[in-house]
Amino acid sequence: MKNKQYSLGSKILTVIFAILSVVWILPIVEVLINSFKSNDYVNTDAFALPNADSFVGFANYVKGVTFGNYPFVKALGYSLIITILSVALILLFTSMTAWYIARVNSLFAKIFYYLCLFSMIVPFQMVMFTLTFTASQLKLNTPYTIPVIYLGFGAGMAIFMFVGFVKGLPLEIEEAVAIDGGGPVCTFFMVVLPMLKPTLISVGILEIMWVLNDYLLPYLVLDRTKYMTIPILVQYLKGSYGSVDLGATMAVIMLSIIPIIIVYIFCQKHIIKGVAAGAVKG
Amino acid sequence: MKKKKKTNDGTSVNSWLVRRPIQRWFPLFILPTFICFMIGFVWPFIQGIYLSFCNFNIPKDAKWVGLSNYAKAFSDSGFGHAFWNTAAFAVVSIVLINVIAFFIAYLLTQKILGANLFRTVFFMPNLIGGVVLGYIWSMIFDAILKNYNTYLTSNATYGFWGLVILVAWQQIGYMMIIYIAGLQAVPGDMLEAAKIDGATNAQTLFRVIIPNVMSSITICTFLTLTNSFKLFDQNLALTGGAPSVMLNGGKVNMTELLALNIYSTYNINRNYHGVAQAKAVVFFLLVAVLAIAQLTATRSKEVQQ
Chain A
1 MKNKQYSLGS KILTVIFAIL SVVWILPIVE VLINSFKSND YVNTDAFALP NADSFVGFAN
61 YVKGVTFGNY PFVKALGYSL IITILSVALI LLFTSMTAWY IARVNSLFAK IFYYLCLFSM
121 IVPFQMVMFT LTFTASQLKL NTPYTIPVIY LGFGAGMAIF MFVGFVKGLP LEIEEAVAID
181 GGGPVCTFFM VVLPMLKPTL ISVGILEIMW VLNDYLLPYL VLDRTKYMTI PILVQYLKGS
241 YGSVDLGATM AVIMLSIIPI IIVYIFCQKH IIKGVAAGAV KG
Chain B
283 MKKKKKTNDG TSVNSWLVRR PIQRWFPLFI LPTFICFMIG FVWPFIQGIY LSFCNFNIPK
343 DAKWVGLSNY AKAFSDSGFG HAFWNTAAFA VVSIVLINVI AFFIAYLLTQ KILGANLFRT
403 VFFMPNLIGG VVLGYIWSMI FDAILKNYNT YLTSNATYGF WGLVILVAWQ QIGYMMIIYI
463 AGLQAVPGDM LEAAKIDGAT NAQTLFRVII PNVMSSITIC TFLTLTNSFK LFDQNLALTG
523 GAPSVMLNGG KVNMTELLAL NIYSTYNINR NYHGVAQAKA VVFFLLVAVL AIAQLTATRS
583 KEVQQ
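Residue numbers (the numbering used here), protein chains in the order written: chain A, 1 to 282; chain B, 283 to 587.
Keep in mind that the hints were calculated from the coordinates and are not lab data. It is possible that part of the hints are untrue.
Claimed, not checked - In silico contact screen, one side only, chain B against chain A (beta carbon under 8 Å); selected entries:
(1) P309
(2) V403
(3) Y433
(4) N437
(5) L473
(6) I544
As the list claims (entries may be wrong) - Lysine-lysine pairs mimicking BS3-like chemistry, simulated, CA-CA at most 30 Å apart:
(7) B:K512 x A:K139
(8) B:K428 x A:K238
(9) B:K393 x A:K269
(10) B:K393 x A:K273
(11) A:K139 x A:K269
(12) A:K167 x A:K197
(13) B:K428 x B:K342
(14) B:K354 x A:K110
(15) A:K197 x A:K269
In this text, all values refer to a predicted model and were calculated from it rather than measured experimentally. Positions of the beta carbon are idealized from the N, C-alpha and C atoms, including for glycine.
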């Protein structure tokens, strides 16, 4: 019954897309294959499947987690700390600020809003050197304090998206709460924030994708002798190109990709919706 | 759009009931974000403009040198090369990414078995960081080129097209999502009317669908344009600018884009800090002008249709 809906043309398209999808994930499969081969074989024939000679089991993974004098788990931990703290901070404070801007509409709020829009077209290279100095002066160079910088530099886009959404919310609800004696803090956390949920998810996903994969900002700002994130660790391993163990590096890359792919498989609907919503607003 | 904004502003001004109490909570609602915004954006931006006119190692020892940093930036053949490289890269990737992404989105919005699965697969590369992507692809390109007894960083052409392939692989999925959202919003009765009137598939595509998804096209060209100009991580991880040649007495990294050129200029030595900052200001102006010009150009086209 159900098959009748699909015409012959669409069945052919399904086959074509199936082949294209396989091609699309080949680079990742390639990393996976090579993460099970010893270094020499990655160098000589990267496309071959592991065979009796080249297969090393999980040796690369064992080596990878302690590779390059910097444990993988530590970098993963710092990546997670920075991402979770930064995104939580951004979501909480920019949504509050956006509500203030949308509702108060004072001169200060307007200027701040236009500054936020302006910050969206400024490339990071413009501020990166000076930001590094400011960050080290203010001791914002640790994984626990760097979220302040992410809030500052990432505020523009988040505020823009939240303001757009808040302006579409009916004012009557907030007025009703005010008449019933609810203060602004109560109104915001009990009434406005729950209504912002779809935008919170959208902004949250975009910010997670940014912070988690960001290389340059933490590289420049963090004290690198103590703190590395996953992208910094990968670049650090690549830096010693030639002398580096390619098999073990592929294992490290695989370890950094696997959690992301697992999360993606479970949340793909939210992620794709979030990106689409974010782009339409942007 | 403008009118709607005005009426909304009007209600918020009149609603004293809501406005006044919020204003009293100024320190909680706006101050933390504002202070961080000052630290993370406004102050570095202002200091950046100032330092582009200085010779400095750290901001404390800055010495005013006027426009000489800008003169050095413009006479640097590496910077000029990076500009043309970036422009060429932007044109190629905007066309390639948008055409393919639109085409895939168009086909996936037809009745196709497994369309959701394919959509999920095509979007996946976006979740992986630029540095990791660069490393993955440099391994793959080197493995392919090995068969021809050469390697990725031996020739600027390989590096350029390698970066195009990498970025296309990464961004096609993202733009596809935006195009799918746009295509799904095309009114169904319009398509039906076209069908009844006997329009061919091509006619429906060019006369009905494309005019209706102009806003998605605006967003996607804008995103691919700014993405290509700001591209850094992938460039650094794939080739790092290699190979380099001597040209007009200066070292030119052949596959370097603007953002990477600024970064590597800063790292030459302390005398180049000011030059790098001057380049960054030029870069900012360029990105800002492009973004504004592109937005106004496509917006006006939207209205006509």
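Verification of the hints:
At its closest, the beta carbon of P309 (chain B) sits 11 Å from a beta carbon of chain A; the interface hint therefore is violated under the 8 Å criterion. Hint on V403 (chain B) holds. Least Cβ distance to chain A is approximately 4 Å, under the 8 Å limit. Against a cut-off of 8 Å between C-beta atoms, the interface hint on Y433 (chain B) is violated, since the closest Cβ of chain A lies about 11 Å away. The interface hint given for N437 (chain B) is violated, since its Cβ lies 18 Å from the closest Cβ of chain A, which is over the 8 Å cut-off.
With its C-beta approaching chain A no nearer than about 16 Å, L473 (chain B) sits outside the 8 Å limit, and its interface hint is violated. For the restraint placing I544 (chain B) at the interface with chain A, the shortest Cβ-Cβ distance is roughly 5 Å, inside the 8 Å limit, so the hint holds. Restraint check: the Cα-Cα separation between K512 (chain B) and K139 (chain A) comes to about 28 Å, which is no more than 30 Å; the hinted pair holds. Simply put, K428 (chain B) and K238 (chain A) have alpha-carbon atoms about 19 Å apart, close enough for the 30 Å limit, and the pair holds.
A threshold of 30 Å between alpha carbons decides the hint, and for K393 (chain B) with K269 (chain A) the separation of about 19 Å falls inside it, so the pair holds. Taken as a hint, the K393 (chain B) and K273 (chain A) pair is honoured in the structure, with Cα atoms around 20 Å apart against an allowance of 30 Å. With a CA separation close to 39 Å, the supplied pair K139 (chain A) and K269 (chain A) exceeds the 30 Å bound. For a cut-off of 30 Å, the pair hint linking K167 (chain A) to K197 (chain A) stands: about 15 Å separates their Cα positions.
Between K428 (chain B) and K342 (chain B), the direct Cα distance comes to roughly 50 Å. Violation of the 30 Å bound is thereby established for this hinted pair. A threshold of 30 Å between alpha carbons decides the hint, and for K354 (chain B) with K110 (chain A) the separation of about 39 Å lies outside it, so the pair is violated. Restraint check for K197 (chain A) and K269 (chain A): the C-alpha separation of about 15 Å stays at or below 30 Å, so the hint holds.
In summary, the structure is inconsistent with hints 1, 3, 4, 5, 11, 13 and 14 from the numbered list given earlier, while agreeing with the others.
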